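Enquirer: Reassemble the complex: the two chains are provided individually, in unrelated frames, and hints are given to aid placement.
Chains as they are written, first to last, in this note's numbering: chain A, 1 to 103; chain B, 1 to 162.
No wet-lab data here; the hints were simulated from the structure. None of the values given here were measured: they were computed from a predicted structure. For each residue, glycine too, the CB sits at the ideal point set by N, CA and C. Check before you lean on any hint, since a few could be wrong.
FRET-style restraints, in silico, Cβ to Cβ [said to hold, decoys possible]:
| hint | chain 1 | residue 1 | chain 2 | residue 2 | range |
| --- | --- | --- | --- | --- | --- |
| 1 | B | Ile105 | A | Gly55 | 19 to 25 Å |
| 2 | A | Gln60 | B | Thr113 | 19 to 25 Å |
| 3 | A | Thr7 | B | Val29 | 34 to 40 Å |
| 4 | B | Asp114 | A | Glu75 | 19 to 25 Å |
| 5 | B | Val118 | A | Lys88 | 50 to 56 Å |
| 6 | B | Glu124 | A | Thr89 | 34 to 40 Å |
| 7 | B | Leu144 | A | Gly55 | 23 to 29 Å |
| 8 | B | Asn119 | A | Lys88 | 40 to 46 Å |
In silico negatives: residues of chain A with every beta carbon more than 10 Å from chain B [claimed, not checked]:
| hint | residue |
| --- | --- |
| 9 | Leu6 |
| 10 | Asp99 |
| 11 | Glu100 |
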Amino acid sequence: MFEVTLTHFLVVSTILFSLGIYGIVTRKNAIMVLMGLELILNASNINFIAFARYGNFGLQGQLYALFVIVLAAAEAAIALAIVLNVYKTFVNVNVDEIDELRD
Amino acid sequence: MGIYDIIFYLFAAVTLLSAFFVVTTRNIVRAAFFLLFTFFGVAGIYVLLGADFVAIVQLIVYVGGILILLIFGVMITNKITSVDIKTGTVQTLPAAIGVGLFTGIIGAVILNTDWFVVNSEMPESTLSTLGRMLLNEYVLVFELLGILLLVALIGAASMARK
Numbered sequence: 001m002f003e004v005t006l007t008h009f010l011v012v013s014t015i016l017f018s019l020g021i022y023g024i025v026t027r028k029n030a031i032m033v034l035m036g037l038e039l040i041l042n043a044s045n046i047n048f049i050a051f052a053r054y055g056n057f058g059l060q061g062q063l064y065a066l067f068v069i070v071l072a073a074a075e076a077a078i079a080l081a082i083v084l085n086v087y088k089t090f091v092n093v094n095v096d097e098i099d100e101l102r103d
Numbered sequence: 001m002g003i004y005d006i007i008f009y010l011f012a013a014v015t016l017l018s019a020f021f022v023v024t025t026r027n028i029v030r031a032a033f034f035l036l037f038t039f040f041g042v043a044g045i046y047v048l049l050g051a052d053f054v055a056i057v058q059l060i061v062y063v064g065g066i067l068i069l070l071i072f073g074v075m076i077t078n079k080i081t082s083v084d085i086k087t088g089t090v091q092t093l094p095a096a097i098g099v100g101l102f103t104g105i106i107g108a109v110i111l112n113t114d115w116f117v118v119n120s121e122m123p124e125s126t127l128s129t130l131g132r133m134l135l136n137e138y139v140l141v142f143e144l145l146g147i148l149l150l151v152a153l154i155g156a157a158s159m160a161r162k
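Okay, chain B solo, but in the shape it has when bound (with noise of 0.2 Å):
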C-alpha cells in the first residue's frame, strides 16, 4: 500500500463524506459548504487518474462558479434574517431503502465483472493533447458548446431580469 493508496482513500473519504452530509444535513448555507469540499476531493480524485486540466477546470468551474451561484441562490430565495434556513426532507425511508438497493446490485456488477484493464502510463500533461483534439476532431462539439453558453447566458438574464 504506497502513498498513492493512502492519498486516494483520504480524498474518496473527504468525498463521500461530505457528499453524506450534503444530503442530509438541514441546514442549507451548512449544505453549500459541504459540497465544496466534495467538489475539492473530486478534483483531488481527477489529480489521482491523471487528469490534471480536468482537476483544475473542475476547481474553476464549480467551486468558482456553480457553487457560488448556488449559494447565491440560497441567499436570495430564503429569508435569512426572519424565516430559518433549514429544508424539510419527505419520504427519507423509501428512498434509503432504493437508493441502498441500488447501491448494492451496481457495487456487485462492478465488483464481480473482470475489467479489462490496459495500463497505459500517465502524459506528463494532458493539456496539449486536449487543445489539439478540442480544435481539431472536436471542434463542432466545441462550437456548439459556446453557443450553448451563450444562448443560456442571455437566457438566464431574461428570466431573471422579469
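Isolated chain A (complex conformation) (with noise of 0.2 Å):
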C-alpha cells in the first residue's frame, strides 16, 4: 500500500491536471490562467516519465516529455506577448472584461 508503484505517480499527475483545470476555470487574470496551463502540463509529463519507467518502452516518454517542455517554452513567450498587446489596448489583463468582439 504504501510502496510507491505506478499508480502512486498517476494518482498524483490526475490530482495536479485537476488543479491546473481549476485555476484556468476560475482565475480571471490571464497570467494566472497560463500557471494553470503549466500545472497542466507538467501533469502530462508526469505521465509520460512514469509510463517511460514503468512501461517496457525503453526512453521514447522521457523524449516526448523533453518536446512538451519545449512547447511549453514557446507558448509561454508567444502568450506573454498576446498579454502585453492586450494590455495595451485594455490597460487589464481580466478575461472576463475583454469582450469587444461580442458588441
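Expert: Listed below in C-alpha cells is the structure:
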C-alpha cells in the first residue's frame, strides 16, 4: 500500500491536472490562467515519464516529455506577448472583461 | 517503506500543496513563487523516476525561463505601486464540484485498473541514450522544434514591440 508504484505517480499527476483545470476555469487574470496551463503540462509530463519508467518502451516517454517542455517554453513566450498587447489595448488583463468582439 | 517511498511522499506533498496554493491564493506574485516550488517538486519526481536529464531541463527551462517570463508579465501588467496586485476568481463552487468529480472518476479508474508493469532497471544515465535517439530516429522532430522556437522567438518579439 505505501510502497510507491505506478499508481502513485498517476494519482499525483491526476490531482495536479485537476488543480490546473481549476486554476484555468476560476481565474480572471490571464497570467494566472497561464500558470494553470503550466500545471497541466507538468501533469502530462509526469504521466509520460512514469509510463516510460514502468512500461517497456525504452526512453521514448522521456523524449516526449522534453518535447512538451520545449512547446511549453514557446507557448509561454507567445502568450506573454499577446497578454502585453491586450494590456496595451484594454489596460487590464482580466479575461472576463475583454469582450469587445461580442458587441 | 523505504527511503525511496518517503522521498516520493515528500516531493508529492510539496508539489500538490504548492500547486493548491497557486490556484487558490489571491496574490499573483505569491502564486508565482508557489509555482516555483511546484516545479521543484515535479523535478524531484522526475529524478525518482530515473529521468535525470529531463529533471535538469525542467529546472533550467521552467524555473529559469518560463517562471521568470511569467513574473515579468505580472510586473508589467499590474501597477504594483498604486493598484493592488490581487486577482479575482469567478465561479469557484461549480468549478470545484466539476473538478472534484473529474478527479474522483479518473482516480477510481486509475486505482481499479490492473496496470501491466514491467520493472525495467534504471539506466545509469539517460543522457547518451536520449542524445542518440534525438539525432537518429527523432532528428526530424528535433529540427522542427528548432524551427518552432525560432518562429516563436521572432513572433513574440515582433508582437510585443508594436
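Enquirer: All the hints need checking, so say for each whether the structure fits it.
Expert: Hints versus structure:
no. : hint                            : in the structure
1   : B:Ile105 to A:Gly55: 19 to 25 Å : 23 Å, holds
2   : A:Gln60 to B:Thr113: 19 to 25 Å : 21 Å, holds
3   : A:Thr7 to B:Val29: 34 to 40 Å   : 36 Å, holds
4   : B:Asp114 to A:Glu75: 19 to 25 Å : 36 Å, violated
5   : B:Val118 to A:Lys88: 50 to 56 Å : 53 Å, holds
6   : B:Glu124 to A:Thr89: 34 to 40 Å : 53 Å, violated
7   : B:Leu144 to A:Gly55: 23 to 29 Å : 25 Å, holds
8   : B:Asn119 to A:Lys88: 40 to 46 Å : 54 Å, violated
9   : Leu6                            : 5 Å, violated
10  : Asp99                           : 14 Å, holds
11  : Glu100                          : 18 Å, holds
Checked against the numbered hints above, the structure violates hints 4, 6, 8, 9; every other hint is satisfied.
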